[in-house]
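Protein chains in written order, with the numbering used here: chain V, 13 to 649; chain W, 376 to 446.
No lab work stands behind these hints: they were computed from the structure.
Take these hints with a grain of salt, some might be off.
[Said to hold, decoys possible] Covered stretches of chain W, going by a simulated chain V footprint (3 or more residues, C-beta under 8 Å):
| no. | segment |
| --- | --- |
| 1 | 382-396 |
| 2 | 404-410 |
[What the hints assert, rightly or not] For lysine to aspartate or glutamate, the following DMTMM-like pairs were computed, each having C-alpha atoms within a straight-line distance of at most 25 Å:
| no. | chain 1 | residue 1 | chain 2 | residue 2 |
| --- | --- | --- | --- | --- |
| 3 | W | 379 | V | 198 |
| 4 | V | 556 | V | 318 |
| 5 | V | 18 | W | 411 |
| 6 | V | 564 | V | 521 |
| 7 | V | 295 | V | 367 |
| 8 | V | 520 | V | 550 |
We treat Cβ as the ideally placed atom computed from N, Cα and C, and that holds for glycine.
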Amino acid sequence: MPLRLKLILSFITISLMVVSIFSVVAYISAREYTQHIEQVRLHKSNEHLFEMLDTSLPLLDQLQDIVPHHENRDNVFSIIDISQKKILPGGGFNLGTHLLADLLIQSSNKIQQGNFTIGEQEYLWSADPVPDSQYIIANTYLRDSSDISTFFSYVGTPLSTTLFISIWISVWAALLLARLFRQISEKNTLLEYQASHDLLTRLPNRGAIGRSVQQEMETARARNEELVFCLVDIDALKEVNDSLGHKSGDILLDQVTQRLKRTLQDSGHIGRFGGNKFSVMIKRSETDNAESICRKLLESFEPIYEINGHSLYVHATLGIAIFPEHANSAQELIQKTETALHTAKKLVIDSSVYDVSQDNNSAERLRLTHDLRNAIHNEELQLYYQPQFDVRRNEIGSVEALARWIHPQQGFIPPDTFIEIAEHTGLIQSLTDWVLRTAIKQCAEWRDMGKYLTVSVNLSARNLHDETLSSQISNLLHYWDVSPGKLCLEITETAMMTNPAHAKKLLKELDDLGVRLSIDDFGTGYSSLGYLKQLPVDELKIDKSFVLNMAKDESDASIVRATVSLAHDLGLEVVAEGVEDQVSQDELSRLGCEYIQGYHIARPMPHDELTAMLISTKVKNNTQADEILVGVQANHL
Amino acid sequence: MAIKRNLHNIDIAIRILIGIALIYFGFVDTSYISNDMTRWLLGVFGIVNFLAAVLRSCPIYALAGINTYQK
Numbered sequence: 013m014p015l016r017l018k019l020i021l022s023f024i025t026i027s028l029m030v031v032s033i034f035s036v037v038a039y040i041s042a043r044e045y046t047q048h049i050e051q052v053r054l055h056k057s058n059e060h061l062f063e064m065l066d067t068s069l070p071l072l073d074q075l076q077d078i079v080p081h082h083e084n085r086d087n088v089f090s091i092i093d094i095s096q097k098k099i100l101p102g103g104g105f106n107l108g109t110h111l112l113a114d115l116l117i118q119s120s121n122k123i124q125q126g127n128f129t130i131g132e133q134e135y136l137w138s139a140d141p142v143p144d145s146q147y148i149i150a151n152t153y154l155r156d157s158s159d160i161s162t163f164f165s166y167v168g169t170p171l172s173t174t175l176f177i178s179i180w181i182s183v184w185a186a187l188l189l190a191r192l193f194r195q196i197s198e199k200n201t202l203l204e205y206q207a208s209h210d211l212l213t214r215l216p217n218r219g220a221i222g223r224s225v226q227q228e229m230e231t232a233r234a235r236n237e238e239l240v241f242c243l244v245d246i247d248a249l250k251e252v253n254d255s256l257g258h259k260s261g262d263i264l265l266d267q268v269t270q271r272l273k274r275t276l277q278d279s280g281h282i283g284r285f286g287g288n289k290f291s292v293m294i295k296r297s298e299t300d301n302a303e304s305i306c307r308k309l310l311e312s313f314e315p316i317y318e319i320n321g322h323s324l325y326v327h328a329t330l331g332i333a334i335f336p337e338h339a340n341s342a343q344e345l346i347q348k349t350e351t352a353l354h355t356a357k358k359l360v361i362d363s364s365v366y367d368v369s370q371d372n373n374s375a376e377r378l379r380l381t382h383d384l385r386n387a388i389h390n391e392e393l394q395l396y397y398q399p400q401f402d403v404r405r406n407e408i409g410s411v412e413a414l415a416r417w418i419h420p421q422q423g424f425i426p427p428d429t430f431i432e433i434a435e436h437t438g439l440i441q442s443l444t445d446w447v448l449r450t451a452i453k454q455c456a457e458w459r460d461m462g463k464y465l466t467v468s469v470n471l472s473a474r475n476l477h478d479e480t481l482s483s484q485i486s487n488l489l490h491y492w493d494v495s496p497g498k499l500c501l502e503i504t505e506t507a508m509m510t511n512p513a514h515a516k517k518l519l520k521e522l523d524d525l526g527v528r529l530s531i532d533d534f535g536t537g538y539s540s541l542g543y544l545k546q547l548p549v550d551e552l553k554i555d556k557s558f559v560l561n562m563a564k565d566e567s568d569a570s571i572v573r574a575t576v577s578l579a580h581d582l583g584l585e586v587v588a589e590g591v592e593d594q595v596s597q598d599e600l601s602r603l604g605c606e607y608i609q610g611y612h613i614a615r616p617m618p619h620d621e622l623t624a625m626l627i628s629t630k631v632k633n634n635t636q637a638d639e640i641l642v643g644v645q646a647n648h649l
Numbered sequence: 376m377a378i379k380r381n382l383h384n385i386d387i388a389i390r391i392l393i394g395i396a397l398i399y400f401g402f403v404d405t406s407y408i409s410n411d412m413t414r415w416l417l418g419v420f421g422i423v424n425f426l427a428a429v430l431r432s433c434p435i436y437a438l439a440g441i442n443t444y445q446k
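Using the sequences provided together with the hints, build the complete structure.
This is the structure:
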């Protein structure tokens with residue numbers, strides 16, 4: 013039953029009840045009131061009778077004479093002698109008279125009034141003592157039995173009119189209330205919807221997705237089913253928003269929603285995970301395994317999108333995780349899917365199913381992060397040094413400091429792994445601090461031994477945001493009394509390009525200190541030569557990927573030649589790393605490359621090993637480079 | 376603010392009939408209802424109904440969001 017009708021009916025019922033109760037109360041009150049009026053009248057007619065009495069004449073005779081003349085239907089007088097306790101002749105009778113007389117005779121109270129009922133008939137009476145006598149005149153009146161109908165004949169019309177009007181008003185009130193309720197419930201429904209849906213695509217939002225994943229998971233668990241949860245990342249959304257405006261972006265999102273709906277039909281739950289991400293949850297079955305779902309979804313994105321007259325190709329990236337294979341709770345499943353998506357984006361592939369080995373946030377990685385923190389704090393890392401051969405001076409002119417971590421349980425952890433962890437967890441700053449401290453201290457030690465080596469330290473992109481870096485380096489150099497020119501800071505060109513303005517400022521500060529600056533891994537990033545030429549760098553390190561193959565690959569050799577030539581033209585010195593054979597070394601020397609670094613010269617080694625090597629080659633300071641190299645390699649084999 | 380019609384013709388007809396009847400019993404033929412107050416109340420209700428019918432708009436309908444004119 014609709015709310016409005018329900019309210020109308022209940023209000024009408026309430027009105028009817030109120031009017032009925034009111035009628036009953038009014039009837040009872042009216043009867044009491046009329047009884048009072050009638051009794052007053054009975055008293056009055058008694059008094060009227062008394063007024064007719066002549067005190068000089070015998071009382072009883074007069075009473076017996078007058079009473080019959082006054083009697084009518086409304087007044088039946090009885091003469092009662094209280095002292096003799098009997099009804100005297102001369103009065104009238106009705107059914108109530110005897111009863112009343114007995115009542116009065118037994119009672120001591122002389123003035124009374126009341127009512128009593130005999131059978132169906134109700135009598136009203138009032139008894140008044142005759143002044144200065146033992147007599148009582150009791151006036152009895154048989155009440156009209158048709159009172160209630162008389163009552164309603166009087167109040168019926170006003171009552172029914174009132175009823176009519178009150179029902180009318182009730183209906184008004186019910187209508188207004190129904191409207192009010194409807195508005196409130198509409199607002200509630202709307203709020204509920206808004207709280208759980210994305211208003212643009214009308215898909216469930218992240219919160220609602222979480223809840224529905226939880227629900228579906230419980231169902232799947234009970235039925236022993238598998239769930240595939242998938243995040244779809246629309247790569248082009250930002251570009252569309254930026255180039256065609258947010259309206260077009262909205263149209264794109266809408267079209268994506270339609271395509272997802274068409275692709276999945278009723279087989280899955282679609283949600284807007286936020287920004288450019290959609291979520292798809294589907295039951296895994298024989299026909300719908302993770303791969304086929306991926307394929308279907310990716311295929312649905314293939315056709316060109318038509319947005320405001322522009323034809324766009326929109327690429328999507330998928331991340332997938334499966335319940336219960338990868339996760340046991342909704343939150344975990346979503347998190348794993350995000351990881352998978354992240355992996356897919358990082359590897360620039362269309363889709364990726366969650367793989368624990370690629371999970372940056374896995375328990376393993378968390379433990380490693382924890383251990384790394386401790387290792388840095390307790391100085392358990394080791395610093396290795398890889399010599400750089402100074403071609404012009406025919407000696408080891410500098411060394412590159414490289415951090416090494418031997419994990420107590422897991423053994424050697426590749427630098428790429430722990431440096432990446434450090435960069436992502438903010439540990440990189442303390443790691444760099446430690447490397448700088450150790451390297452500068454070592455540099456001072458070698459100097460004290462008469463070995464004037466330049467030490468190169470790698471800086472990460474994150475270090476370029478450290479405002480205190482230059483002052484810290486300055487302090488260290490000052491403390492160990494190391495000439496700034498003996499410290500070289502290597503920064504990859506990618507790091508320099510992440511925040512060029514910032515990098516430029518910091519490099520300027522470092523250059524003012526007199527520290528050497530080197531562009532690391534040159535040729536692998538996307539640096540602008542125009543920008544690089546503005547930087548106060550001193551040297552350029554050709555990336556080892558070019559040097560490694562230059563003996564075999566002519567194009568790599570060309571790149572190396574061009575880079576060396578370019579660097580020289582810009583007034584920079586060149587370090588070639590990754591030199592692993594004599595042919596490459598000869599060629600690099602011929603090209604005029606200033607420094608050579610690589611396994612052909614020496615592997616990275618601990619400081620004591622390097623010190624020993626430096627001492628052993630001391631005597632050969634003036635011999636040819638080849639001889640030195642023999643010594644270095646002999647140390648290492 | 377212009378009064379917006381919200382009464383259907385049938386609604387208007389019923390209101391006119393009721394209105395006239397109530398005004399008649401309320402103010403014209405006083406023999407049916409002896410109580411002045413009751414009569415007066417009925418008459419006022421009659422006028423309210425009649426007015427709503429003439430204006431083709433019921434304020435209570437407007438507040439309650441009911442419209443018998445356009446569904």
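Tested hints:
| no. | hint | result |
| --- | --- | --- |
| 1 | 382-396 | violated (count 0) |
| 2 | 404-410 | holds (count 4) |
| 3 | 379/W - 198/V | 24 Å, holds |
| 4 | 556/V - 318/V | 46 Å, violated |
| 5 | 18/V - 411/W | 34 Å, violated |
| 6 | 564/V - 521/V | 41 Å, violated |
| 7 | 295/V - 367/V | 20 Å, holds |
| 8 | 520/V - 550/V | 12 Å, holds |
Hint violations for this structure: numbers 1, 4, 5 and 6, all remaining hints satisfied.
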